[in-house]
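Protein chains in written order, with the numbering used here: chain A, 1 to 586; chain B, 1001 to 1586.
Any given hint could turn out to be false.
[Stated by the list, open to error] Some chain B residues judged to face chain A by a derived CB distance under 7 Å, without partners named:
hint, residue
1, 1257
2, 1314
3, 1343
4, 1413
5, 1507
6, 1560
7, 1579
[As the list claims (entries may be wrong)] Straight line, CA to CA, 27 Å or less: simulated DSSO-like cross-link-like pairs of lysine-lysine:
hint, chain 1, residue 1, chain 2, residue 2
8, A, 582, B, 1539
9, A, 582, B, 1338
10, A, 584, B, 1479
11, A, 584, B, 1324
12, A, 504, B, 1324
13, A, 324, B, 1504
14, B, 1507, A, 324
15, B, 1507, A, 318
[As the list claims (entries may be wrong)] Pair by pair, the computed Cβ-Cβ distance ranges are:
hint, chain 1, residue 1, chain 2, residue 2, range
16, A, 139, B, 1547, 55 to 65 Å
17, B, 1335, A, 374, 48 to 58 Å
18, B, 1501, A, 167, 52 to 62 Å
19, A, 167, B, 1066, 31 to 41 Å
20, B, 1005, A, 71, 39 to 49 Å
21, B, 1470, A, 403, 35 to 45 Å
22, A, 476, B, 1331, 58 to 68 Å
None of these hints come from the bench; they were simulated from the model.
Quick caveat: nothing in here was measured; it's all calculated off a predicted structure.
Note that CB positions come from ideal geometry on N, CA and C, so glycine has one too.
Protein chains: 2
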Amino acid sequence: MTTYNAPVEDMMFLFDNLKDNKEYKEIDKFKEINSDLVKDILVQAAKINQDIVHPLAKAGDDNPCVYENGIVRSPPGYKEAYNKFINDGWTSLSCDPKYGGQGMPKTVSTFFEEMLSSASLSFKLYSELSIGAYNCILHHADEKIKEKFLPKIVEGKWSGTMCLTESQCGTDLGLIKTKAIKNSDGSFSLTGQKIFITSGDHDLTENIIHLVLAKVPGSPHGTKGISLFLVPKFNVNENGSVGSRNGVSTLSIETKMGIKGSPTCVLNFDNAKGFLIGKENKGLSSMFTMMNLERIIVGIQGLGIAETAYQNSLAYCKERKQGKSNDNTNNETDLIIKHADIRRSLMTMKSLIEGQRSLAFWLSQQVDVSLNHSNEKIKKEADDMVSLMTPVVKSFFSDMGMEITNEAIQVFGGYGYTRDQGIEQLYRDNRITPIYEGTNSVQAIDLVFRKVLSNKILDKFVNLIRNEINNNKDNPELKNFSDILEKKIITLLNFAKYLEQKLKIQKDDVSAACNDFLKVLGYVSLGFSWLKMTKISFKNSNKNKDFYNEKINTAKYFFDKIFPRVDSHYQSAITGSESIMKAKFH
Amino acid sequence: MTTYNAPVEDMMFLFDNLKDNKEYKEIDKFKEINSDLVKDILVQAAKINQDIVHPLAKAGDDNPCVYENGIVRSPPGYKEAYNKFINDGWTSLSCDPKYGGQGMPKTVSTFFEEMLSSASLSFKLYSELSIGAYNCILHHADEKIKEKFLPKIVEGKWSGTMCLTESQCGTDLGLIKTKAIKNSDGSFSLTGQKIFITSGDHDLTENIIHLVLAKVPGSPHGTKGISLFLVPKFNVNENGSVGSRNGVSTLSIETKMGIKGSPTCVLNFDNAKGFLIGKENKGLSSMFTMMNLERIIVGIQGLGIAETAYQNSLAYCKERKQGKSNDNTNNETDLIIKHADIRRSLMTMKSLIEGQRSLAFWLSQQVDVSLNHSNEKIKKEADDMVSLMTPVVKSFFSDMGMEITNEAIQVFGGYGYTRDQGIEQLYRDNRITPIYEGTNSVQAIDLVFRKVLSNKILDKFVNLIRNEINNNKDNPELKNFSDILEKKIITLLNFAKYLEQKLKIQKDDVSAACNDFLKVLGYVSLGFSWLKMTKISFKNSNKNKDFYNEKINTAKYFFDKIFPRVDSHYQSAITGSESIMKAKFH
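This is chain A alone, in the form it adopts within the complex (with noise of 0.2 Å):
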């Protein structure tokens, strides 16, 4: 069985030293959310996740859910954790102290996100759509409706879903066919069929809030005829209590690969009664208030779940005696650890992750300032880099979290194919985060045409690391740094440039080229991290000179050892699609 120790030490370096968005500090409401609170907060979110959560992740694999006479029932152990999970107010950490939250910022929020994930991600999953479910409710119903459901949601009594798949339609979800007929109340009533629906059914909570995607009668063709309801398992009752069956039921549960402690639904609509949030044939854009802070969170599970990988390599490297190093003097069989490739194994590990949880830090800050700041400019354009960055979070922690959790198997060896020490698991648990909620590709697609494509906000983000880089470009120590950094935008701005003239001439040429490209930008960004962080640990070397000093050492391992592969991201996809459109593929 795998282990996990929350990387506090880390998370705190970052929230002492890298608050560096000047807005981010402008929020009034956060202004008191200091060192001292978050290290408390972190040192109880590391508790429960170490202690209660992890055991956790390997009770649901080797006992997954079980569907039986149209009930799930989650795997033991969950559902008393899961009430001190709620009871310790975790569900709430981020949620607004008028529905009863605890009013955290996604940079404090986060950290638990991925300590979260790191424990047990079919575990997080069962709260993880309340918040999806909470921010949508929060910024698309009506007043009435948040009283009504908000606060159980907030408590974790009542947990959420969001059911936009059926089995023609993932991607596209112009083909959904689940209709809404309004009722002569004012409420609707659904009936169609979802998948894939996370948490779809269980036993942990005393009601479940679906929010669900649908067509109304008359509404436009496609994706423009789209609306959002609010169809609670149960129905709610005038005074807040829970009331008779809704007409859901569940008429399976998936078989899968991993996130076995997680039920994933096939959910059947029959006459629902479901309540219209937002404006009617709006449903996709309220839709995505939710999906998009869940795209980022998935890129958060994919760095959590690569830290236990991580740590539980690094452990066995330490303990796994095998051949001899190349400055073996004693004639004893080393320590893998002692071992070049192996080390090289884990700084390759190591300086992902580090550079994952700098860039998340530094996106949790923008997260803030766009739902929280005074000024709307300023709002929006915080708003503008969240969009920005949110498929690249997304897709490439996502991707980082295959390479990292597979790299983890290949250095246990034969051990790490087997399933006791459940190393294997997180490569199987992880292996969702590229796929749901929009796969990696529609990210790359949607990051290419959304957004680099169709306006400047690639331009605001390269001038924001070249400031960086000019900003520091008298500091000797991070002369070569700032060189490769400005020699990667340089590539990620001629690739850039590609795709626009592209655009006009070839547009499978764009669209052939987007997954390479939010390659590269995953990769700077990173570099832009690692520079950040580079300074502050030149800076405070003096402090604690062991952390600081392998902060340099694995900053480097980053530039000199992942960075080239921006260059063969870059030279694969300008060589456009001929091939790629012409094959018969008989």
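Since the structure of chain A is provided, determine the placement of chain B on it from the hints.
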């Protein structure tokens, strides 16, 4: 569930057009193996693999091997299929007619290995190690043992294993503890425990012949004191009949990520009667006869599984509709095979798979020459080439198998993550291939330190490629391909030069670069294969236009889209190992 259609046309394309090894054609006993005969064999092989073996893949995953009361039971259906398999003579395909084999060359049997891997790796493993044991006994045992054991193994009535690993040693066999004590009758009594023994026990054969590495007390320390023993599960009487149970018992079987239909056993040897194979203390080199051929086959496993992944992805792309392609004109939802990005995924799979199949066919000719040519010098030269390419094929093909099965899951979206589709199983089954028979990192170290740095085999291989380039330098159709390949060769040679220089001054730089070097050599070898296939395709393009134009187009994809990967591996590697070795990993 997945489907499988053996790529007989592509295999016959290779057999008919790319038997380009002059020395191979000089092997007398293979002169009668003509195209018609091979086609007949492949068509029969396709039948059994598609109809009988392929359904066992899912059956074994759904109903893994069971260990109960010391006995291992194979999954339902395996026994019946195995009986048909051996009755039809498939185990004996490449074996010596002297012991009942059919004497087919590797050029034919490798195609069969691929098909069987595509159909079900778990099922394949029951007979695969038998062929390993066959090779080892054939080359190192005395005539009496050969006559006693080989016919039954060739017939498939008895199976074989390779018992190397113990809990404290996988890579580092010098640490072996299993003891062999000589008896007065010349036999040995073995005592110790072996782990991760593929097909270590099961109910498909009457007897299991273990080839076991052990130490005779008083023998030299480390790998120089290891001997090889034949230890049957049941003792074999003088008349060849199966006798009493030997002191070999099964303690447990592993619960694994994949290949669940194949039992991976912990075997206990308790004064088990064994017979020395080859010379005392020379066991490791005898075992490597078996290991080296086995390593190539592990690469072929990766190729075979990748083929199944590709075929099923392609079929899904031709039936799943989602979104609109760039040249959509009728505003109706398109098949996803119309999307540039999906086609890119398919082309990555296809170009790697067909390139690998061609490289494997070339290598098979080398193996046949190395084993069968009448001229010792030619044998040795071919053997050098085999020795260079064995780690490449093992590691590169198994790694590409991971990439391809991963891409396949992604093409299927959410469906790819469910077990019903069988796609995620391909990933899990293949995940053992980069680990067993020596991890891919160990292969890379073997490649660099034993084959590239210590002799001139790489130069010979490069000359071979350059001859191919030069022979076609007046062919304008090939110019672009040749030019790119030449550039990559220069990178490969610069990389080798870098390794040579660093070997003298900083050995860790070399160790840290081995994996990257193996990848570079892998891609260059595939480029070599694609160049040859392209030449033939241009030449023949009037005969079967569809087939040959598709080949040329796929080659173009490989050269444009895949080949740039070489550069990032090289650029990353030549930055050395300073940050790697300096890391503290607190």
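Results of checking the hints against the structure:
1. The interface hint given for residue 1257 of chain B holds, since its Cβ lies 4 Å from the closest Cβ of chain A, which is under the 7 Å cut-off.
2. Of the supplied interface hints, the one on residue 1314 of chain B holds, with its beta-carbon coming within about 6 Å of a beta-carbon of chain A, less than 7 Å.
3. Nearest Cβ of chain A to the Cβ of residue 1343 of chain B: about 5 Å, under the 7 Å cut. The hint holds.
4. Interface restraint check: residue 1413 of chain B against chain A, minimum CB-CB distance 5 Å, threshold 7 Å, status holds.
5. Evaluation of the residue 1507 of chain B hint against chain A yields a held restraint, the C-beta minimum of about 4 Å falling below 7 Å.
6. Using the Cβ-Cβ criterion of 7 Å, the hint placing residue 1560 of chain B at the interface with chain A is satisfied: the shortest such distance is roughly 4 Å.
7. Contact between residue 1579 of chain B and chain A, as hinted, is supported at the beta carbon level, the nearest pair being about 4 Å apart and thus within 7 Å.
8. Taking the CA atoms of residue 582 of chain A and residue 1539 of chain B, the gap is near 20 Å; set against the 27 Å cutoff, the hint holds.
9. Our distance criterion of 27 Å between C-alpha atoms is met by residue 582 of chain A and residue 1338 of chain B, whose separation comes to about 11 Å.
10. Restraint check for residue 584 of chain A and residue 1479 of chain B: satisfied, since their Cα atoms lie roughly 24 Å apart, inside the 27 Å limit.
11. Our distance criterion of 27 Å between C-alpha atoms is met by residue 584 of chain A and residue 1324 of chain B, whose separation comes to about 19 Å.
12. As the CA atoms of residue 504 of chain A and residue 1324 of chain B are separated by approximately 18 Å, the hinted pair is consistent with the 27 Å bound.
13. For the given pair, residue 324 of chain A sits about 18 Å from residue 1504 of chain B by alpha-carbon distance, which is consistent with the 27 Å threshold.
14. At most 27 Å may separate the alpha-carbon atoms for a hinted pair to count; residue 1507 of chain B and residue 324 of chain A meet this at roughly 13 Å.
15. The hinted pair formed by residue 1507 of chain B and residue 318 of chain A meets the criterion: a straight-line CA distance of about 22 Å does not exceed 27 Å.
16. With their beta carbons about 56 Å apart, residue 139 of chain A and residue 1547 of chain B fall inside the hinted range of 55 to 65 Å.
17. Look at residue 1335 of chain B against residue 374 of chain A: about 50 Å separates their beta carbons, and that is inside 48 to 58 Å.
18. For residue 1501 of chain B and residue 167 of chain A, the Cβ-Cβ distance of about 59 Å falls inside the hinted range of 52 to 62 Å, so the restraint holds.
19. A beta carbon spacing of about 35 Å between residue 167 of chain A and residue 1066 of chain B agrees with the range 31 to 41 Å that was offered as a hint.
20. Distance hint check: the CB atoms of residue 1005 of chain B and residue 71 of chain A are about 42 Å apart, consistent with the given range 39 to 49 Å.
21. For residue 1470 of chain B and residue 403 of chain A, the Cβ-Cβ distance of about 39 Å falls inside the hinted range of 35 to 45 Å, so the restraint holds.
22. A C-beta distance of roughly 60 Å is found between residue 476 of chain A and residue 1331 of chain B, which places it inside the suggested range of 58 to 68 Å.
Checked against the numbered hints listed earlier, the structure breaks none of them; every hint is satisfied.
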